[in-house]
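S.K.: This is what each chain is made of:
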Amino acid sequence: MKLTGSQILLESLGREGVDLVFGYPGGAVINIYDDLFSSPIEHILTRHEQAAVHAADAYARSTGKVGVVIATSGPGATNTVTGIATAYMDSIPMVVITGQVPTPLIGNDAFQEADICGITRPCTKHNYLVKDIRDLARTVKEAFYIARTGRPGPVLIDLPKDVQVSTCDFVYPDSVELRGYKPTYAGNVRQIEKAAQMILQARRPVLYVGGGINLSAANSELLTLAEQTRMPVATTLMAMSAFPQQHPLALGMLGMHGAYCANMSVTECDLLIAIGARFDDRVTGRIDSFAEKARVIHVDIDPTSIKKNVSVDLPIVGDLKDVLAKLNASLTVKGAEVDELIEATTAWRETIDGWKKKHPMTYRSSKSVIKPQFVIEKLRELSADDAIITTEVGQHQMWTAQFFKFTQPRTFLTSGGLGTMGFGLPAALGAQAAFPERQVIDISGDGSFQMNSQELATLMQYQLPVKIAILNNNFLGMVRQWQQMFFEKRYSQTCLGLPIDFVKLAQAYGATGLRATRNDEVEGVIREAFATPGPVLMEFKISREENVLPMVPAGKAIHEMVLAS
Amino acid sequence: MKHTISVLVENEFGVLSRVSGLFSGRGFNIESLSVAPTLDPDTSRMTIVTTGDDRILEQITKQLNKLISTIKVVDFTAKDFIARELALIKVSTEAETRAEALRIVDIFRAKVIDVTPKTYTIEITGAPAKINGIIELLRPMGIKEIVRSGPVVIGRGAKGVAG
Ligand SMILES: Cc1ncc(C[n+]2csc(CCOP(=O)(O)OP(=O)(O)O)c2C)c(N)n1
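Here the protein sequences come in this chain order: A and B. What the first sequence shows, in our numbering, is residues 73 to 637, in sequence order. What the second sequence shows, in our numbering, is residues 12 to 174, in sequence order.
Certain hints may be false.
Claimed, not checked - Dumping the calculated EDC-like pairs for lysine to aspartate or glutamate here, alpha-carbon to alpha-carbon at most 20 angstroms:
id : chain 1 : residue 1 : chain 2 : residue 2
1  : B       : Lys-73    : A       : Asp-352
2  : B       : Lys-155   : B       : Glu-134
3  : A       : Lys-380   : B       : Asp-64
4  : A       : Lys-254   : B       : Asp-53
5  : A       : Lys-203   : A       : Asp-187
To be clear, the hints were calculated from the coordinates, so they are not data collected in a lab.
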């Protein structure tokens, strides 16, 4: 049967199991939208293409499935770029479909033409310009395969208008043949055996785990490894929900705003086992003193991550789930030696417990003003265990990572690699669309919130009951903190001027707005918000010049933390 | 250190910019790059000369391999290989230097492919060092223009790199 290009596209999405897409229409995709009108695939209309991409990204982060976006050519396509780069930096599986001007006009500076393949080449895992309708079904198949396999990432398909309307027979391929793309899944057994030996010889081992754990769904394997060897676990921002944070072996976050015990453990360890993490500069601080006493094992599915920033004693390329399962099996048969390891590392765990007691993650509480950390603790206390938390970028993001004790996988969605302000609200939208029954909360700053606040309209249109907690300090707080600490308090362009009435803003969209200005109002506001159906915005007027601590100043080693202001 | 890398890629839209963009985006050097289709019209071979220490070279090879369009990457540097480059050189020739120019062309087994009253245009192929050699000898006469292809390389022996 002959189908048009846009029908082939939607049929192919159906074959990939897509039931929900996020997007925004325009001239170059009007045919696709026409076919969507009668398609079983649901579509959520955001109010900005960037938000559509963040929503699809969070849909993917929370479900593990591939997020899908549709945007028009030119400005629609360029509006997706920040979202795509955000997903790329955090290895999120996503397929973005953009309309393009008709093939005969490409290169002519036609109306709403942008070379989106050229623009997104460095921030996609791969991209395609489909010039021939006969390539379309295969391209969609390949795009989904590339997006979700290996180290996941966004793939863009640019589809000229004439290809959307021409016709051809629809045959969806069963398999993908890409001679240049064969990710390694199975970890090398001999390397894994060596890793087991190195672990058994260690006296001060530490697991350093990153977002790869979530991507590979290796959460239970990680827990088994930690528990059977009693090795402590330091997590990156991307992995805060990958390991239960109330667990006695949890060290919390490491790096620039990491916990004292996490940074000290990494500094003093004799074996660092990096799993699905990539030694980002926000984690390592001064690189030459990072874990300088340790031998390093690095497990990652992406060979380019290994030995990129640090030298590694034992590299293992493979899917974390496979590698950790094999490692656990190898350790299980060495029961007696593992018992000896646990015995021999008792002193190490005592040292770490000493660090935990000496400098716990804490803050100076107040009876009157609202402390942001207190709001986060209350949100944790009053929300469900499986609540999904999204954040924007800034101080509120770091406080969330520090004080919200995540217990379940894929419950913390935040822009780690790119650090994109404006991510949190559309991300909450996407996660809520994926899980209509779960609690979804965007923890936001007043600066970031205004980067995509128009998405309140989308929440209302689809009645997505996202709860928003704005920690309002009337500052671009994180930048202000740097200016306070390193630029003699010259607050250049970080004060946000006249206060905005966020409650009224919520009401303008038809949502509920609540405000707390005193400490004793916090709990009441949260309880009321959680009890109110539909989208609710909570505004907390927090102590304005609160700082995120500990902090490792740029260029310092991670044990050189500033602990108090 | 200088490395010569041979990259077999899918012969498709945008592949050259994927490779060159990788080098510029990550701050790797490209000293020369040549590209043409192989026997199989669906694949092209790129020969890239680059510099860097071992760690950088490891990253370059891994990053090239990571591109979906890349089929095979071979760093020839530690291998037994033959490198050949083509150069076209336009030299000024006064009456008294024409004979000397021809003698140099002869020694290097090069060819004069265009003649004007004031210039010779010389074609030479060979290992890059040989080309550097003829350039040094011709330089005193006055080189007006020089066009080099950058080297292409092939391994010695019976085995080929598929494509
Ligand atoms: C799109 C974007 N622009 C600029 C920045 C730089 N930046 C990082 S944190 C920050 C301040 C964020 O302020 P706010 O959202 O109010 O959060 P707070 O730090 O006050 O909690 C800025 C401007 C960024 N991360 N993203």
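S.K.: Hints first: check each against the structure and report whether it holds.
M.R.: Hints, verified against the model:
no.	hint	result
1	B:Lys-73 <-> A:Asp-352	18 angstroms, holds
2	B:Lys-155 <-> B:Glu-134	14 angstroms, holds
3	A:Lys-380 <-> B:Asp-64	13 angstroms, holds
4	A:Lys-254 <-> B:Asp-53	19 angstroms, holds
5	A:Lys-203 <-> A:Asp-187	14 angstroms, holds
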